[in-house]
Amino acid sequence: MNAAIRYVAGRLRRNSITRDTHEVFAEGMSFGERLADRVAAIGGSWSFIIGFAAFLVGWAVLNVWILAARAFDPFPFIFLNLMLSMLAALQAPIIMMSQNRQAAKDRLEARLDYETNIRAEAQILALADELAALREDMRALIATVGPKTGAGTGTGAGTGAGPAGAEAGGPGALRQA
Numbered sequence: 001m002n003a004a005i006r007y008v009a010g011r012l013r014r015n016s017i018t019r020d021t022h023e024v025f026a027e028g029m030s031f032g033e034r035l036a037d038r039v040a041a042i043g044g045s046w047s048f049i050i051g052f053a054a055f056l057v058g059w060a061v062l063n064v065w066i067l068a069a070r071a072f073d074p075f076p077f078i079f080l081n082l083m084l085s086m087l088a089a090l091q092a093p094i095i096m097m098s099q100n101r102q103a104a105k106d107r108l109e110a111r112l113d114y115e116t117n118i119r120a121e122a123q124i125l126a127l128a129d130e131l132a133a134l135r136e137d138m139r140a141l142i143a144t145v146g147p148k149t150g151a152g153t154g155t156g157a158g159t160g161a162g163p164a165g166a167e168a169g170g171p172g173a174l175r176q177a
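So the sequence shown is numbered by the UniProt record's numbering: it starts at 1 and just counts up by one.
Hints were generated in silico from the structure; no laboratory data involved. Any given hint could turn out to be false.
Ranges of calculated distance between the beta carbons of each label pair, as one might list FRET restraints [said to hold, decoys possible]:
# : residue 1 : residue 2 : range
1 : Asp20     : Asp137    : 36 to 44 angstroms
2 : Ser85     : Asp20     : 36 to 44 angstroms
3 : Arg38     : Asn117    : 28 to 36 angstroms
4 : Met138    : Gly10     : 32 to 40 angstroms
5 : Leu62     : Asn100    : 36 to 44 angstroms
6 : Trp46     : Ala92     : 15 to 23 angstroms
7 : Ala104    : Leu62     : 39 to 47 angstroms
8 : Asp137    : Ala104    : 46 to 54 angstroms
9 : Ile78     : Asn117    : 56 to 64 angstroms
In this text, a Cβ means the ideal position worked out from N, Cα and C, and glycines have one as well.
Could you build the full structure based on these sequences and the hints that come with them?
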């Protein structure tokens, strides 16, 4: 038996309830990890893209037309390029950290899904065993009671025309068929 099955079997014996992946994962996150996830979420949103595009257009308009003679960053926009490079240098590792945490969260969800599947399979097998035991009990009961009542033997109280109306095709005919 591999380690995962032993782990799930131990959890089944304790009769625990499946944990929420988001809560389990959030418990172990530091402030920096939560901040990185938030920054990555903001940086990957349409509002950030539209706002940043507006900032870039505003920068260009300000330096080319409004402050043309006294522009603090004239046309090739060297200072803007420097800021964009620094932003990319900071944002890329933050996004990578967030993606790594998402991958770890996905692995945790997969493990919890596997545990849930094993638990469900074990419960289904237990129910199948109980059903088989009930079936055997019913067979034993029928074997014990059947000869006394004539049920299932074709003699005694179980024989005859059957329920009223069975011969005429009434509702009893459906039950006998």
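Original post:
What are the numbers of the hints that this structure violates, sorted from low to high?
Top reply: The structure conflicts with no hint, since it agrees with every one listed earlier.
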